[in-house]
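K.L.:
Which chain is which? The protein sequence lines are A and B, in order.
Position 128 of the first sequence, counted from 1, bears residue number 128 in our numbering, the numbering being contiguous throughout.
Position 96 of the second sequence, counted from 1, bears residue number 1096 in our numbering, the numbering being contiguous throughout.
Read the hints as simulated data drawn from the structure, not as lab findings.
Even for Gly, the Cβ is constructed at its ideal location relative to N, Cα and C.
Wrong hints could be hidden among the right ones.
[Stated by the list, open to error] Rough simulated footprint, nothing fancy, chain B against chain A, three-plus residues with beta-carbon under 8 Å:
| hint | region |
| --- | --- |
| 1 | 115–128 |
| 2 | 149–156 |
| 3 | 159–168 |
| 4 | 187–193 |
There are 2 protein chains.
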Amino acid sequence: MRNGLLIVISGPAGTGKGTVVGKLLEKNPNIKLSISKTTRKPRPGEKEGVNYFFVSREQFEEEIKNERFLEYAEYNNNYYGTPKDFVLESLRKGFDVILEIETKGALKIKKAFSDAVLIFLLPPSLEELHRRLIKRGTESEDEIKTRLEIAKNEIKLVSEYDYCVINDDVDNAVEKIQKIIEVEKLRSKRFDIQSFLEE
Amino acid sequence: MRNGLLIVISGPAGTGKGTVVGKLLEKNPNIKLSISKTTRKPRPGEKEGVNYFFVSREQFEEEIKNERFLEYAEYNNNYYGTPKDFVLESLRKGFDVILEIETKGALKIKKAFSDAVLIFLLPPSLEELHRRLIKRGTESEDEIKTRLEIAKNEIKLVSEYDYCVINDDVDNAVEKIQKIIEVEKLRSKRFDIQSFLEE
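All chains, please: the whole structure from these sequences, using the hints.
P.N.:
Here it is in structure tokens:
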């Protein structure tokens, strides 16, 4: 049984990661999404085990000690981490696994798993990102400015990623990511020459 | 104008490279095939400018001296080489260019053009390759044995290639190569971050 592919998807807030990943999962039963753990309190509408696993600070730190995370980081006094067991077990069973995580975590994953495939999802342009953030209406004008600055800094890390997909249209972006996954499985490094020659 | 992609396709004799590349060109007017030069005499049915450009030993050596080849090698006392001008000019015009060359030449190209994409075309199995060589009926039993030994040695070089495509079915193999080309264009290293940020 061949191991699945570990796929990391990052992208600035407002790029539409959630929608793209949702559609990707809907269309590909062989892909599983890793749900992160966090110590942050659930926001209205967020569901345990769907958006995050919500745990106490004590529990999170206990799990850090026991090396239960593939990667974790602290933002605004809250921990966020990728649970190790679910990911490794799913890969072993042959499922492809998606981590939807921010750039810092993504680069940690790349260091630890050289076989991971890192995809950066981009808005069609910074202007379009600006328009989308305004339309979303969840941030103040100042917050939107901050978001755009953060986005610019994140985009500077694109070169650390393997692929760069522009989300001009959700279906289009989903199709591109599907093709990336398919083509990554044709990489020579994933081909078992020995068993081919011995067959 | 973005440069085209330099694609190298290799694979053991009898794998069906010719048929796959022919169909790929037919379906993709944006892909050009590089025709090699050789000092070997044309075989019955071979056409100047279609299979090869046939030139004299003197002319070939003159062109080596003038650095007119991307790569060249000598086999059985005959030179074979990839003309530089056609390839570089086509890439500059935005065409993707295919080199259908053997493994030694392929690895030379990879050294000189780190951006080149190397694809190894494999038969479904060594047994199937054996059957195809017998069916082709152009080689004696001894020659077929030699071909299979050469094939095994070539296949050991698969790990030097970027991708490995099994030619179980021509249309299937063509589609995979098309996807590889499409996905390679999504690589971050080919993405112009600077102009995205400045737009």
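K.L.:
At least three residues with a C-beta closer than 8 Å to a C-beta of chain B: is that true for the region 187–193 of chain A?
P.N.:
With 5 residues closer than 8 Å to chain B, the region 187–193 of chain A meets the three-residue bar; holds.
K.L.:
Tell me if chain B covers the region 149–156 of chain A under the three-residue, 8 Å CB rule, please?
P.N.:
The restraint on the region 149–156 of chain A holds, since 3 of its residues have a Cβ under 8 Å from chain B and three suffice.
K.L.:
Do at least three Cβ atoms from the region 159–168 of chain A come closer than 8 Å to Cβ atoms of chain B?
P.N.:
n = 7 at 8 Å, threshold three: holds.
K.L.:
Tell me whether the statement that chain B covers the region 115–128 of chain A is true, taking a Cβ distance below 8 Å and needing three residues at minimum.
P.N.:
Since 5 is at least three, the answer is holds.
Checked against the numbered hints given earlier, the structure satisfies every one of them.
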